[in-house]
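Read off the chains here:
There are 2 protein chains.
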Amino acid sequence: MGRLEEKAAPFLPRIPAQPIGYGEAQVILKYLGGNEVPADWRGILSNVAYRYGGELLNSSSIEVKSFNRLERRDTYNVIGIMKGEIEPDRYIVFGNHRDAWSLGSVDPTSGTAAMLEITRVLGEMAKNGFRPRRTLMFCSWGAEEYGLIGSIEYVEEYVKVFGARIISYLNVDIAVQGNHTVDIKTSPLLFDIIVEASKLVPSAYDPVGKTVYDKWVDFQWNNVTNEPKIAYGLGSGSDFFGFDQLVGSSNIDATYMFDHTYYKSLSSYALYHTSYEVFAMMKNFIDPNFTAHRTMGQLMGVVALFLSETPVLQFNVSRYTIALREAMKNLKPNNPEALDPLRQAINDFGATANDFMRRSKLIDFENPFNIRAYNDQLLQLERAFLNPLGQGGDYTDFKHIVFAPAKGNQYAATGFPSVSDAVATGNSREIDSQVAIATYFVRGALSTLKEFDNFFS
Amino acid sequence: MGRLEEKAAPFLPRIPAQPIGYGEAQVILKYLGGNEVPADWRGILSNVAYRYGGELLNSSSIEVKSFNRLERRDTYNVIGIMKGEIEPDRYIVFGNHRDAWSLGSVDPTSGTAAMLEITRVLGEMAKNGFRPRRTLMFCSWGAEEYGLIGSIEYVEEYVKVFGARIISYLNVDIAVQGNHTVDIKTSPLLFDIIVEASKLVPSAYDPVGKTVYDKWVDFQWNNVTNEPKIAYGLGSGSDFFGFDQLVGSSNIDATYMFDHTYYKSLSSYALYHTSYEVFAMMKNFIDPNFTAHRTMGQLMGVVALFLSETPVLQFNVSRYTIALREAMKNLKPNNPEALDPLRQAINDFGATANDFMRRSKLIDFENPFNIRAYNDQLLQLERAFLNPLGQGGDYTDFKHIVFAPAKGNQYAATGFPSVSDAVATGNSREIDSQVAIATYFVRGALSTLKEFDNFFS
Chain A
1 MGRLEEKAAP FLPRIPAQPI GYGEAQVILK YLGGNEVPAD WRGILSNVAY RYGGELLNSS
61 SIEVKSFNRL ERRDTYNVIG IMKGEIEPDR YIVFGNHRDA WSLGSVDPTS GTAAMLEITR
121 VLGEMAKNGF RPRRTLMFCS WGAEEYGLIG SIEYVEEYVK VFGARIISYL NVDIAVQGNH
181 TVDIKTSPLL FDIIVEASKL VPSAYDPVGK TVYDKWVDFQ WNNVTNEPKI AYGLGSGSDF
241 FGFDQLVGSS NIDATYMFDH TYYKSLSSYA LYHTSYEVFA MMKNFIDPNF TAHRTMGQLM
301 GVVALFLSET PVLQFNVSRY TIALREAMKN LKPNNPEALD PLRQAINDFG ATANDFMRRS
361 KLIDFENPFN IRAYNDQLLQ LERAFLNPLG QGGDYTDFKH IVFAPAKGNQ YAATGFPSVS
421 DAVATGNSRE IDSQVAIATY FVRGALSTLK EFDNFFS
Chain B
1 MGRLEEKAAP FLPRIPAQPI GYGEAQVILK YLGGNEVPAD WRGILSNVAY RYGGELLNSS
61 SIEVKSFNRL ERRDTYNVIG IMKGEIEPDR YIVFGNHRDA WSLGSVDPTS GTAAMLEITR
121 VLGEMAKNGF RPRRTLMFCS WGAEEYGLIG SIEYVEEYVK VFGARIISYL NVDIAVQGNH
181 TVDIKTSPLL FDIIVEASKL VPSAYDPVGK TVYDKWVDFQ WNNVTNEPKI AYGLGSGSDF
241 FGFDQLVGSS NIDATYMFDH TYYKSLSSYA LYHTSYEVFA MMKNFIDPNF TAHRTMGQLM
301 GVVALFLSET PVLQFNVSRY TIALREAMKN LKPNNPEALD PLRQAINDFG ATANDFMRRS
361 KLIDFENPFN IRAYNDQLLQ LERAFLNPLG QGGDYTDFKH IVFAPAKGNQ YAATGFPSVS
421 DAVATGNSRE IDSQVAIATY FVRGALSTLK EFDNFFS
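Heads up: the sequence lines are chains A and B, in that order. Taking full-length UniProt numbering, the leading residue of the first sequence gets 1, the next gets one more, and so forth. Taking full-length UniProt numbering, the leading residue of the second sequence gets 1, the next gets one more, and so forth.
A couple of the hints might just be wrong.
Chain copies aren't distinguished; within one or between two, either way the pair holds.
Below, computed lysine-lysine pairings styled on DSS-like, alpha-carbon distance capped at 27 Å [unchecked claim]: (1) K361 with K83; (2) K332 with K407; (3) K83 with K450; (4) K264 with K283.
Hints were generated in silico from the structure; no laboratory data involved.
Hey, can you work out the whole structure from these sequences and the hints?
Put into structure tokens, the structure is as follows:
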């Protein structure tokens with residue numbers, strides 16, 4: 001079968017890279033002879049000037065011995081399935097990768113522990129006769145750290161199956177990096193389900209009776225909306241990427257966090273991706289009695305069962321109205337009126353979403369055809385935000401027009417990434433063009449929420 | 001809202017074009033002073049040499065007075081909907097355009113007459129209490145002759161609604177161009193339904209009791225398969241294009257033909273797109289008592305009701321195995337082994353399709369969830385052949401990998417068009433690449449037909 005030659009692959013790196021310690025960096029910086037860099041390019045090492053490079057002082061040279069080698073290795077995805085009894089063709093999918101930079105007691109093994117605990121409990125339930133209403137899948141991915149390879153290959157191979165059938169993908173990669181508060185990134189549609197689940201699950205290292213939700217009240221609260229802070233949009237940082245951008249399911253990524261109010265400058269745990277990610281670190285410093293792991297298993301397990309067992313899915317489409325408005329907030333074109341078509345489309349989306357929810361109260365959900373038709377609308381809403389052409393050029397995989405990596409930030413999710421990139425260029429024609437595309441997809445999405453015989457009104 | 005400027009639109013023609021009669025062409029050809037063209041470039045005008053152009057003889061000049069003008073005009077799609085009673089979110093869609101090159105008694109009005117006759121009959125049925133199980137739509141498109149504008153704009157606007165919900169689009173454009181035999185182009189999945197319908201409908205201008213099917217036995221019969229000849233793949237010649245390539249529904253285009261065994265050199269009726277397409281032509285020469293129109297209305301009406309009323313859709317997935325094999329036949333690379341991966345995938349598709357049909361006999365279709373899950377697989381099979389990126393570059397709208405226009409023939413449907421185009425280049429790497437893409441989609445399609453909890457075996 002046709003296979004791109006290695007030398008023709010545009011994304012493989014050409015420049016050798018070798019991580020070094022800061023002590024060595026300090027020495028090398030001292031020997032650089034180039035001009036000093038601007039202030040905002042400077043790092044935090046002391047007693048050293050940051051320079052552009054240039055000749056090394058005293059005709060010095062640096063010898064780099066790298067023991068990296070290029071080789072072809074096999075990797076495996078391991079998939080477990082519990083077939084749904086009533087709707088076997090609707091999937092709730094758990095996933096985490098199995099490979100680690102070194103030993104990976106946090107990334108990925110804390111997630112794998114939580115996921116395996118969920119399978120153990122479901123196994124016990126199955127022995128007592130439990131069968132899920134919808135199909136549950138458990139995926140252990142290979143080669144995530146090398147570019148999400150295992151999960152993306154799998155998603156690509158079965159994208160037509162998944163595009164039609166997956167309701168949600170629940171990612172549990174770095175499940176436990178702290179023992180203070182649960183931190184979630186999600187599709188807006190799952191907000192209410194997550195909140196309900198959080199009220200049922202005990203918070204770790206807290207007094208008996210205190211729930212994950214209660215902890216959010218104390219430490220992660222939005223005083224304006226009077227609700228927990230839960231972030232929308234996932235990005236490209238773990239295996240949810242393929243499900244977000246190619247499948248279009250409504251997905252979650254969750255982690256048990258350290259106290260952000262105390263460790264203010266840390267975006268993730270300090271020993272992330274280092275050789276110090278060993279069992280002793282987890283046992284001694286993060287989760288000594290493993291109750292944070294248990295909480296994550298319980299929380300994600302309850303979310304999954306809400307998704308798999310409720311005949312009528314509890315997606316709240318009005319959460320997407322809020323999310324669309326939030327996503328627009330980061331867009332600051334010189335001419336603010338350039339955003340008017342998108343703003344108007346979002347307002348129309350809001351009115352349609354409200355009407356959809358009002359009408360949903362009148363549906364006879366004893367009728368399976370009505371359940372199915374309604375759930376299909378919810379399942380397909382997220383898909384409606386996928387642009388088949390993605391961001392074009394080398395970025396056709398960035399398909400979600402509301403939450404996806406932007407060219408200017410390929411790791412995190414940016415609100416309306418293509419519009420954001422266009423605003424960064426300052427080119428008003430490009431801004432108009434990207435606003436038109438985003439507007440088109442928002443209007444396409446709202447048409448899926450209208451009445452079946454009146455979608456074009 | 002952002003709108004491409006007219007001068008920036010890459011597809012608007014830059015060279016003025018003026019149709020002329022053959023008498024004038026003959027005169028102009030006689031005055032051309034260039035070299036003679038090769039034999040296979042010559043037309044059929046007599047007493048004239050065909051030349052490349054060059055200087056006009058005797059310093060002559062040609063004055064062209066063109067009264068064409070560029071102006072912006074409004075056009076309208078007129079849509080009627082009959083809401084489905086049980087599955088309102090599944091659509092069977094009729095469509096035809098309303099605009100004509102001049103008066104258009106054949107193209108499009110014969111189709112419009114047939115479609116309106118169907119709506120009249122359904123209206124009568126509705127007065128007697130009939131409600132369709134699924135939703136029926138009737139679309140009268142504007143501006144087809146200018147580039148399928150009405151239908152494609154509509155499909156683009158609601159592509160997320162249609163992608164999830166349309167089962168079939170039935171095109172009735174040139175419904176009656178003769179009075180001899182019905183000629184159909186279709187998705188392979190509808191073959192059996194069309195054959196069943198043809199056995200119920202009287203053939204026009206034939207003895208009482210003779211059906212459309214009987215006429216096929218006489219004049220349009222495949223002696224190898226012992227079945228009627230029905231062509232697969234529609235192309236870009238009418239409003240089915242958007243449904244074929246952007247929606248991915250399983251579609252039909254039908255026409256009442258003249259006798260091809262007699263008028264051997266005619267690919268369509270002689271006065272196609274001329275000013276002679278008037279009512280008198282239809283009344284005097286094609287369908288004097290309008291029974292061909294009636295037959296077309298009856299045939300397409302019965303097909304539509306099979307699609308809208310049968311709880312379990314009667315799509316035959318094994319027809320796609322045959323169609324895939326046929327589509328491969330036009331591919332003749334210098335190295336025939338280049339096609340092996342695709343051939344193997346098609347064989348695997350065949351085995352999976354057979355297994356799917358075997359298993360379908362065991363399904364409990366009293367259970368609405370089972371009906372819905374099974375029908376969804378049938379509805380989505382055609383979608384599985386859509387490449388979101390299409391043929392790339394300027395051809396992203398050519399998305400169906402099995403039946404679509406090729407770059408080398410943008411009007412008709414070509415089997416595996418991108419592979420066909422690659423074979424035409426002779427570039428073996430390009431052939432391998434396109435075979436790999438086609439193989440990927442065939443394998444993706446077959447995975448949708450596997451068991452819900454075993455799609456990856």
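Within a copy, between copies, both or neither: which one fits K264 and K283 at a CA-CA cutoff of 27 Å? Within one copy, since 23 Å is at most 27 Å while 85 Å is not.
Between K83 and K450, at a C-alpha cutoff of 27 Å, which is it: within one copy, between copies, both, or neither? For K83 and K450, only the inter-copy Cα distance (14 Å) is at most 27 Å; the intra-copy one is 32 Å.
Give the relationship of K332 and K407 under a CA distance limit of 27 Å: within one copy only, between copies only, both, or neither. within (17 Å within a copy, 41 Å between copies)
How would you classify K361 and K83 at a CA-CA limit of 27 Å: within, between, both, or neither? between (30 Å within a copy, 20 Å between copies)
The structure shown violates none of the earlier numbered hints.
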